[in-house]
Every structure is written in C-alpha cells, then in structure tokens.
Amino acid sequence: MWPFFPFKKSNNSPSAKTVVTGNLQKDLNYLKKAFFYPDNKDLIVREIYIDTLEKEVVLLFMAGMVDRKVIEEHVIKTLIQAKPSNVDSKLQEDIVKRMLSIQNTTVYYTLEKAIKGVLMGKTIMLVDESKKIFALETTGYEHRSIDKPERENVIKGPLEGFVESSLINRSLIRRQLKSKNLITEGIEIGTSGICEVSLIYMKNIANDKLVERVKKRLKQVNSDNVQGLSVLEQHLEERPYSLIPTMLYTERPDRAVAFLQEGHIILIMDNSPACLVLPVTFWALFHTAEDQYMRWPYGNFTRVIRMIALLVAMFTPAVYLAITNFHPEMIPSELLLSIMNTREHVPFPAYFELIMLELAFEILREAFLRVPSLLGPTIGIVGALVLGQAAVEAGIVSPILIIIVAMTGLSAFAVADISFNFVVRIIRFIFMISALIIGLYGIALVLIGLLAYLNTLKSFGVPFMSPLAPSGPSSKDTLFRWPVWKQWLRPFYLDPKDSVRKKPPKRGA
Amino acid sequence: MEISDGKIDRREFFAIIVILIASKFTDLTATIILRTGRTAAWILPIISFIVIILPFLATLALLKRFKKKNFIEIIYAIAGKYLGFVIAISLFFILLSATAINLRNYADAVSTMFYPNTPVAFFILLGAVVSYFIANRGLEGIGRTASLLLPCFAISLLLLIVLTWQHFQDSYLFPLLGPGVVALLKDGLVYSTIFADIIVMAVLFPFVKDYRSYRTASIRGLIVSAFLVSLFLLIYIIVFDFHPATVVNHPFHQLNRRAQLGPFITNVEAIFFFFWILAKTLRFAIYFYVMAIILGYSLTLKEFEPLILPLAGLTAMLSLIPENIVEGTLDFRDNFLLQRSWLYFITVPIVLWFISKWREKSKDESL
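Chains as they are written, first to last, in the numbering used here: chain F, -15 to 493; chain R, 119 to 485.
Be a bit skeptical, because a hint or two may be false.
[To be verified] Capping the alpha-carbon separation at 30 Å, the derived lysine-lysine pairs in DSS-like fashion look like this:
| # | chain 1 | residue 1 | chain 2 | residue 2 |
| --- | --- | --- | --- | --- |
| 1 | R | K187 | R | K481 |
| 2 | R | K420 | F | K442 |
| 3 | F | K203 | F | K162 |
| 4 | F | K442 | R | K481 |
| 5 | F | K162 | F | K187 |
| 6 | R | K327 | F | K193 |
[What the hints assert, rightly or not] Okay, the calculated bits of chain R under chain F, using three or more residues with CB under 8 Å as the criterion:
| # | segment |
| --- | --- |
| 7 | 233 to 243 |
| 8 | 261 to 269 |
| 9 | 374 to 386 |
| 10 | 396 to 405 |
To be clear, the hints were calculated from the coordinates, so they are not data collected in a lab.
Note that CB positions come from ideal geometry on N, CA and C, so glycine has one too.
Could you put the whole structure together from the sequences, leaning on the hints where they help?
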C-alpha cells in the first residue's frame, strides 16, 4: 500500500498486492509512478468525464500495444456520447454493461494486475470512487501477415505458417480443428508474470497426468522474461546437454492439429512464429506433413527416400573412411583402381581431407544463411565452382571426396526438422571419428551405443522410439504408413483417454 | 503417465533370447561342434535341444510355482541358505568364465579376420566398454535395441544364405550320421550347455511382464535358436566339407567371404561383419546384466546395477588369460566350460523341481 518507495524490493514483487483504494488520484499517481510517467512517452493517460453518471473516468493504455480505432470508437466515443438513462450511478458495472461496446472486459482489484494489463495491451479504466478497475480488451499491434512456412514446405497441402501473434496462431489452429474439446489454457510463466504461454490440448483425448506434468514444468521456469518458444524450449527440456531434443518446434498449424488429435500438447507464445509439440518421439521428428497428404504409394515412397537420405547423411563419410582405410578388399577392383588413381596426387591422407571438406561445407552452410539475398546465387557459384573445382585441379582434394561431401550435405537437407538436422550433422562427425580409429568395427559400436541410448530416452514420460521400441497398439505410422482410412487407433504411448479415432475398417474394404 | 515400468514384454524377451543363443553359431562354438559331430554336426544341436527340454520345463514349472521370484531366489528358497549360496555362486562362476572366454573368442575373431595389425586387447577393451554402456541403460535398453535389430539380423542372415547358395554341395553331407549314433547322443548330452543359457535367463523372470509372455517367448526363442544353429552348422558342412570346416577357425566369417553375387559383388564380408558386431555387443551386454543380477541376488544385495561396471572390467581382464585362440577354444571353452558344466545345468533345475514337489506333497500330507 501507500507510501510507495520505488527502491524497496518488496514493493516490486508480484506478491505485494496493492489493492485499489477507490481514490482516483491516488491510484492514478501510483500507476503513473510505476510507469515513470511522464518520462515514459508510451503511456497514454486519457481523462474522461461522463455526464450522465457525473463521474470521472481515466483511461490508461500503452501506445503501440493497443488498437487505436477500438479505443477511439468503442471506448472513448461511447463514454463521451453516453445517453442519459435511469442508471444507478453507484453501479459501476453498468458502465461496462450498458455503455461500452467493447467485446471483452475483466475486473481487477489490485494495481499490480492493472500494470500487467496495460503491458499486455489492455486499456485500464479507473473509475472514481470505485474499488474495481476495468481492463478493456483492446490489444492490437502490428505483426507479420500469414506467410508460407520457411522450412517446412510441402507441395500438396496447406501453405500457411504461424506468425508472431499468439492470437492469430490460435485462430489458425481453431480453424482446422473446430471442436468444443479443444482447450486453450493461459499459463503465466516467469517471475515477472508478464509472459503468457498458451497451452492447447484436446480435453477428451490428452492424458490428464501429462497435462499436469507439463503445467508443473511450466511453473518451474525461473526467468523474468522468456523471449519466445525457442528459449522456452530450452527452459522446459529434460536433457539440456543431450543431442536429442525433447520437443518438436514446427511452423505448420496442420502438423500441430495432427499432433493434437493424437493427444499431444501444443505450446504457443507471442513472438514465435511456431509452436512447440510435446511429448515427442523419433517419428515425430522424422515424418513430414506431406507424408499423410500424399496417396499411400507416394507417401511411402517419399518416406523410404528420406530414410535412405538419412542413412546416407549419417554414414557415408564414415563408411568411406572405414572401407578405404581398413577394408579395401570390399571395393570392386575397377572402382578401387580409379580411386587410387585420383588419390595418387593428393598430399593429404583421406581422413584429413574429409574432415577439412566437411568443415568447409559446414562453414559454407552457415555463411549462406547470412548472405544477403542479392549476392546469394553469386556466392553459391563461387563456392561450388571455385572452391570445389579449383581445389580438385590444384590437387588438394580428390574428386571422389567432393562427391561424398556434397552427397552427404545435400542428404542432410532431406531431414525436415531443424533440431534433427543438427543431430544428424553432429552424429556424422562422431561416426567419422570412430571410423577413423577402427573402421567398421567402430561404426558398429557407436551405432549400437547410439541405439541403446535412443531407446532409453524419454520425453515427458514417453519412450523416444515408440511405437517401435516398446511396441503397442498404434496407427502403425512409423517407417511406412497405412492408408489413412486404416489408421484408426491413436498411439498408445500417450495413454489417451479416447484411444480410437474412428471405427476399424471392415474386411474387404 | 509412465507406460514403461522397467519390464520387458514378450517381443523384447524373444529377441534377447534369440540373439543370445543363436549367435553361438557365429563364433567358436560352431568349430567345437563341427569337430566332434563332423558330417552330422547339424544333428547335435537338435539332440542338445531335446536334452535341455526337460530341465527347461522344470525351470518353467518352478517359476510358475514361486510367482515373481527369480531363479536365484528360488534356489535359496528350496535349497536353504548355505547350499543355495553354493549353487548360486557356482552358476555365477560358470557364467563369468563363459563370458570371459566368449569375449576372448570374439576379440580374436575380429582381430584375426579383419584387423590383423591390431592387438587383441584393444578389441576386448572396446567390446567390454560398449557392452557395459548398453547394459547400463538397463534391461529396457537391451530389450528394445534387441527387438529393433532382430529384423536386421534376420535379413542379413537370409541374404547370406542367398548369396552363398551357389557354393552348396549336398554330397558333403554324407555320411549322414557322422561318427555314429552313440557318439552323437553322448556328445549331444555333453554339449547341451550351448542351450543352457535359456535356464540362466530364468533370473530375468521378475523383469518380464508376466508368466505367459515369459513362457511363450522362451519356448519360441529356444526353438528358433535351435533351428538357426542347426541350419547354419548344416550350411557350414555343405559349403566347406566337414574336414576343412574343422580346421577353419572362424567358419562364420569364412562363410561371409564366400558370399558372392556375380563378378561385381565379391568380398562383402564387411557388411555381415557389421551386423555380427551389433549382435555380439548386445550379447555381451545381456551377459553383463545377467551376471550382475546373479551376483547381486546370490549375495542378497539390495541393488545389483552398480555391479555391472566391475563385472565388465573383471571379464575383460579374465579374457586376457588365454594366450592364443587354440588355447582359448580347445582348452578353455571345450574342456573346461562346455564339457564340465553340462551336469550342472541338467541336474540343478530337475533336482530343485523334485525337491519343491516333494515339499509340496509333504506339506499337503501334513495339513
């Protein structure tokens, strides 16, 4: 309460709840001091006098966070032009009920909440002699328009991606899943309490214990401002130092909806053009949206190609090193001769060249991310032609290695998910080192160690390799998928309340 | 919501048993059996399978009677504290020596066939380290990896058979009964220890989902393993004649060398080597885990998982003892292990079962 000492810590913590006094000037001064008005140009204070009620009302809002039109037309205009009627002036709710044409209002009893409301873009209405503060929903700020997703493009399917506004993202999901069981819970995280995460799930499908677990994790986030979902993911994840991610970060609302219908939970925040899906399995990271949109033969074909690309991206450099150094008898004689021919003039041993080229490829990849788009193609040509070709002609690297590095690098792009892409790239180096030390034996040992590690990982209680590793009833949508009408079960590993999507298909269908 | 409670289900247990027992045809057990069985070496596993059925069924009956206890606890329950301790610890020592010898044979095979310039100790160490890492992930990790990889192994074995088809010569099979029926029966009895692992697996009973899945998985696993061992011994005989097959130290790898498809795909043994390493590493992981369980329960310790690391180290050190592969195979494995421990595996379950049945009967009579 009053007096207000700005340097005393306890007054700034959210637990010190300053109750509305009812004295308009006192409350207004408190709020002004909290926002350092008039130094803070963004805080707008608008005083209005309502004739019919003979009351003074003050509006506070943050410029830039509010929709100006809504305030001017639905709040200020209606308040000023209010017609006299037999309204009991003691009932402040009548202002809202009878006068304002704003779509949504909330009542606050503490000034802390009022401050938070202003920061969220609401307009705070202080009414003289009233212990209630009305927060009017006037949020509206500039944001990017809905555009194609950057990384997860499909040929046959919707081309919308999330944007930086949580409201619009939620509307994208709601448009695809029009169900009354689709619930959005708003959870405040962090110590300053202005970060809100929307937790979305299907009430009749998602497991209650899973939802509780996620909420508990969210409340444990101990940071004053979480900037977006990317940072939130790092706060929430169970294994910060492991290569394997705990959640999926996707830019497509249709993927989010597919996961919702299986019983997963979606997290959405402002400032992130994506959503987090949890819990996640290996297949969630491997599948793309397009697999389900294509017909059965085409979808399975693309999956097989992607699996081969994944194996190529992980193993090719390591297998090349292993075979040329330790098992040269495996190579057919003509190929062996041509490899020896090209490697004759190269001064470096194979592993040195390979590591050099792989590092060069990774550097080029990082560099291309930041090249301005005008120069992009030119630099691409420079990189490919000059570096590759000239290096071969100078005799520094052998052409077969260029082929291997290029094939590996391009195959790595076939992995759709951002985190999984990094997993593949990093594991590739681990396999290369093991192949360097002891050839195929090393690759086999690292592979089985990796498999054993993956099999025992859990993401929010769900084993990572489900439904393949602990096998159980599911839609059998792992490496291959059934036609869509045969996928009638929800996967068991989320323990859904409603485990059946539709009736099982009849025989002969 | 924890759907995984540390128990493995039928599929995973089946995969563990098949990998454990069937991979015996890939190492020096095959050499030993070929040496004694000659042209009828493929009949020996069948006889051993028939011999081991009775102790195996006795074990199943015991497990069913004492619900939720593993084999070691049953031994203690029936044989008392001191005799039970002797029986349990001897099982542990048998298994320890088996694993050490196995590890040495495996490292020898890798070193001789593929990396002749690398010392054997390197492979012993690496194999033990990675197997320890897998065993450390727990039975779930082992089981899930096994059930994931079993189809890959099946496909690679099928590929091997297809690619070596052109080298099959049935005339090598005759004379069919080899050294004679009596000799076969005697050797079949003695070498029944190749399937004795199925009785050792009874220590994993509390970790399997329920009795039914344990029973189905072990029966199916035993039949499939017996079939595979027998089949591949048959293939060794008809690809190499019986005499070269006894001289060759690593028949499986030599078979891989014979795999051929036209003039282009020759010498592809490295691919089969790759899958063989995966299977063997899993096998040692299972052995380490089971040894830790046996030692833990024999000494009635509260936890057994911390024992895996010292046991892995001990096994690795013991593997260094044989000086060369001949000593390792003939002397240690054949004489010491296989021929001396068959008595244990056949008599212990049957005797235990009889004692427990007799006690039940006397309890019923006294009531």
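Now for the hints, and whether the structure bears them out:
no.	hint	verdict
1	R:K187 with R:K481	holds (20 Å)
2	R:K420 with F:K442	holds (26 Å)
3	F:K203 with F:K162	holds (29 Å)
4	F:K442 with R:K481	violated (48 Å)
5	F:K162 with F:K187	holds (13 Å)
6	R:K327 with F:K193	holds (23 Å)
7	233 to 243	holds (count 4)
8	261 to 269	holds (count 5)
9	374 to 386	holds (count 5)
10	396 to 405	holds (count 4)
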